[in-house]
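Peer 1: Please put together the full structure from these sequences, using the hints given.
Top line first, the protein sequences correspond to chains A and B. At position 81 of the first sequence (counting the first as 1) the number is 81 in my numbering, and the numbers step up by one without a gap. At position 45 of the second sequence (counting the first as 1) the number is 45 in my numbering, and the numbers step up by one without a gap.
The set of hints was computed from the structure by calculation and includes no laboratory data. Even for Gly, the Cβ is constructed at its ideal location relative to N, Cα and C. Just so you know, not all the hints are guaranteed correct.
[Unchecked claim] Quick look at which bits of chain B chain A covers, simulated, 3 or more residues with Cβ under 8 Å:
(1) 43-51
(2) 93-105
[Said to hold, decoys possible] Below are the EDC-like pairs computed for lysine to aspartate or glutamate, each with C-alpha atoms no more than 16 Å apart in a straight line:
(3) B:Lys88 <-> A:Glu78
(4) B:Lys58 <-> B:Glu125
(5) B:Lys177 <-> B:Glu77
(6) B:Lys95 <-> B:Glu125
(7) B:Lys27 <-> A:Glu78
(8) B:Lys177 <-> B:Glu166
(9) A:Lys58 <-> B:Asp87
(10) B:Lys133 <-> B:Asp102
(11) B:Lys26 <-> A:Glu74
(12) B:Lys114 <-> B:Asp97
(13) A:Lys99 <-> A:Glu74
(14) B:Lys177 <-> A:Glu74
(15) A:Lys87 <-> A:Glu113
(16) A:Lys62 <-> B:Asp87
(17) B:Lys27 <-> A:Asp76
(18) A:Lys21 <-> B:Glu77
(19) A:Lys87 <-> A:Asp61
(20) B:Lys27 <-> A:Asp61
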Amino acid sequence: MKKISIYILIIGLIGVCIGYKMYNKPHINVAEKPVDIALTATILLADFSSNETSANAKYLDKIIAVKGMVTTVEFDGEKTAISLQTKDDFGSVVCYLTKEEFKKSTEIKEGQEVVLKGICTGFLMDVILVKCIIMNSK
Amino acid sequence: MKILYAFFVCLFLVSFTNAQERFLTKKGIISFFSETPIENIEAQNNQVLSIVDASSGKMAIAILMKSFMFKKALMQEHFNENYVESDKYPKATFKGDIIDFDNITTSEITLAIKGNLTIHGKTKEITIEAVTKKTDEVIEMTGNFFINLSDFDVKIPSVVKNNISEKIKVSFRLYHKTYKK
Chain A
1 MKKISIYILI
11 IGLIGVCIGY
21 KMYNKPHINV
31 AEKPVDIALT
41 ATILLADFSS
51 NETSANAKYL
61 DKIIAVKGMV
71 TTVEFDGEKT
81 AISLQTKDDF
91 GSVVCYLTKE
101 EFKKSTEIKE
111 GQEVVLKGIC
121 TGFLMDVILV
131 KCIIMNSK
Chain B
1 MKILYAFFVC
11 LFLVSFTNAQ
21 ERFLTKKGII
31 SFFSETPIEN
41 IEAQNNQVLS
51 IVDASSGKMA
61 IAILMKSFMF
71 KKALMQEHFN
81 ENYVESDKYP
91 KATFKGDIID
101 FDNITTSEIT
111 LAIKGNLTIH
121 GKTKEITIEA
131 VTKKTDEVIE
141 MTGNFFINLS
151 DFDVKIPSVV
161 KNNISEKIKV
171 SFRLYHKTYK
181 K
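Peer 2: Here it is, written out as structure tokens:
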């Protein structure tokens with residue numbers, strides 16, 4: 001009898017540990033994740049403006065590496081938003097960087113070509129990528 | 001969604017001829033807060049698109065549900081997958097009229113905005129109050145209001161019923177600037 005209750009206690013403890021771990025599951029670390037889709041800002045925007053529903057299915061929640069020319073770099077505290085040029089006159093691809101990238105982002109100049117990696121959350125006027133990191137810049 | 005997109009395109013086309021009249025932000029902030037004795041849940045969206053037409057006093061807001069960032073990854077996952085079903089309903093929108101928009105001044109006043117809020121594919125008419133102020137270049141609007149989850153058909157499983165409030169406080173801060181290409 002005593003043995004059984006000890007087993008139950010152990011199982012219960014393991015359960016609590018797993019539950020606690022799941023509750024505190026860390027956010028996706030973009031830097032460590034492999035790239036799902038690599039493409040240019042122009043193609044990404046064109047896909048969203050031609051058929052938003054299919055683009056949502058294809059790109060949402062995916063780790064995307066997007067290449068493009070920087071049109072604007074805006075700072076809001078330690079948060080940086082980089083807009084990439086596309087062939088479309090109205091829309092662009094806007095990448096919101098993580099705080100850790102703030103220092104690197106201050107060195108980015110308008111007109112420069114960059115590759116940014118982030119998670120796609122969808123399309124409003126622009127395609128939006130969050131939690132972005134700078135992969136390379138020349 | 002198509003109608004909304006067409007609406008925005010129309011807005012931009014018009015804004016070329018009438019640049020001073022449209023005010024826009026792509027980086028508005030909307031956050032929500034659920035308070036229960038067990039836990040508080042908070043999420044923030046920094047990529048809110050909002051447009052105010054200063055000639056008619058109309059405004060339109062669109063937000064991406066997946067742009068809400070939570071403190072805990074698990075909360076964010078549950079929110080997107082189970083509660084608001086972001087894959088099926090990726091956006092929330094608000095379209096409305098600012099009542100007595102002509103009264104807006106360079107100092108802060110409170111105005112009511114009446115319009116339709118769509119979340120999770122369900123639309124409800126609401127009236128919210130916003131502290132507003134307008135200069136030649138900027139229209140600033142801040143405020144908060146409450147929404148009921150049941151109005152938007154958001155179902156919370158009974159296991160976590162005590163962790164999530166039925167009434168959710170929504171706060172917004174929109175800093176519109178004149179639209180320039």
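Peer 1: Does each hint hold? Answer for all of them.
Peer 2: Going through the hints against the structure:
For the region 43-51 of chain B, the proposed coverage by chain A is satisfied: 3 residues have a C-beta within less than 8 Å of a C-beta in that chain, meeting the threshold of three. Under the rule that three or more residues need a Cβ within less than 8 Å of chain A, the assignment of the region 93-105 of chain B is violated, with 0 such residues. Between lysine 88 of chain B and glutamate 78 of chain A the alpha-carbon distance is near 33 Å, which puts this suggested pair outside the 16 Å criterion. A hinted pair counts as satisfied when its Cα atoms are at most 16 Å apart, and lysine 58 of chain B with glutamate 125 of chain B qualifies at roughly 15 Å.
Taking the CA atoms of lysine 177 of chain B and glutamate 77 of chain B, the gap is near 33 Å; set against the 16 Å cutoff, the hint is violated. With a C-alpha separation of about 10 Å, the suggested pairing of lysine 95 of chain B with glutamate 125 of chain B holds against the 16 Å cut-off. Between lysine 27 of chain B and glutamate 78 of chain A, the direct Cα distance comes to roughly 15 Å. Compliance with the 16 Å bound is thereby established for this hinted pair. A C-alpha spacing of about 35 Å is found between lysine 177 of chain B and glutamate 166 of chain B, which places the hinted pair above 16 Å, so the restraint is violated.
Under the criterion of a C-alpha separation no larger than 16 Å, the hint pairing lysine 58 of chain A with aspartate 87 of chain B is consistent with the structure, at around 11 Å. A distance of roughly 11 Å separates the Cα atoms of lysine 133 of chain B and aspartate 102 of chain B; the hinted pair therefore holds under the 16 Å criterion. Distance restraint check for lysine 26 of chain B and glutamate 74 of chain A: the Cα-Cα separation of roughly 12 Å lies within the 16 Å cut-off, and the hinted pair is therefore satisfied. Proximity of lysine 114 of chain B to aspartate 97 of chain B is assessed by CA-CA distance (about 5 Å); at most 16 Å being required, the pair is judged to hold.
Between lysine 99 of chain A and glutamate 74 of chain A, the direct Cα distance comes to roughly 13 Å. Compliance with the 16 Å bound is thereby established for this hinted pair. A threshold of 16 Å between alpha carbons decides the hint, and for lysine 177 of chain B with glutamate 74 of chain A the separation of about 15 Å falls inside it, so the pair holds. The suggested pairing of lysine 87 of chain A with glutamate 113 of chain A holds, with an alpha-carbon distance near 15 Å, which does not exceed 16 Å. This hinted pair checks out: lysine 62 of chain A and aspartate 87 of chain B have alpha carbons roughly 13 Å apart, not beyond 16 Å.
Of the pairs offered as hints, the one joining lysine 27 of chain B and aspartate 76 of chain A holds, with about 10 Å between alpha carbons and a cut-off of 16 Å not exceeded. The hinted pair formed by lysine 21 of chain A and glutamate 77 of chain B meets the criterion: a straight-line CA distance of about 15 Å does not exceed 16 Å. Distance restraint check for lysine 87 of chain A and aspartate 61 of chain A: the Cα-Cα separation of roughly 24 Å exceeds the 16 Å cut-off, and the hinted pair is therefore not satisfied. As the CA atoms of lysine 27 of chain B and aspartate 61 of chain A are separated by approximately 20 Å, the hinted pair breaks the 16 Å bound.
Hint compliance for this structure: hints 2, 3, 5, 8, 19 and 20 are broken, all remaining hints hold.
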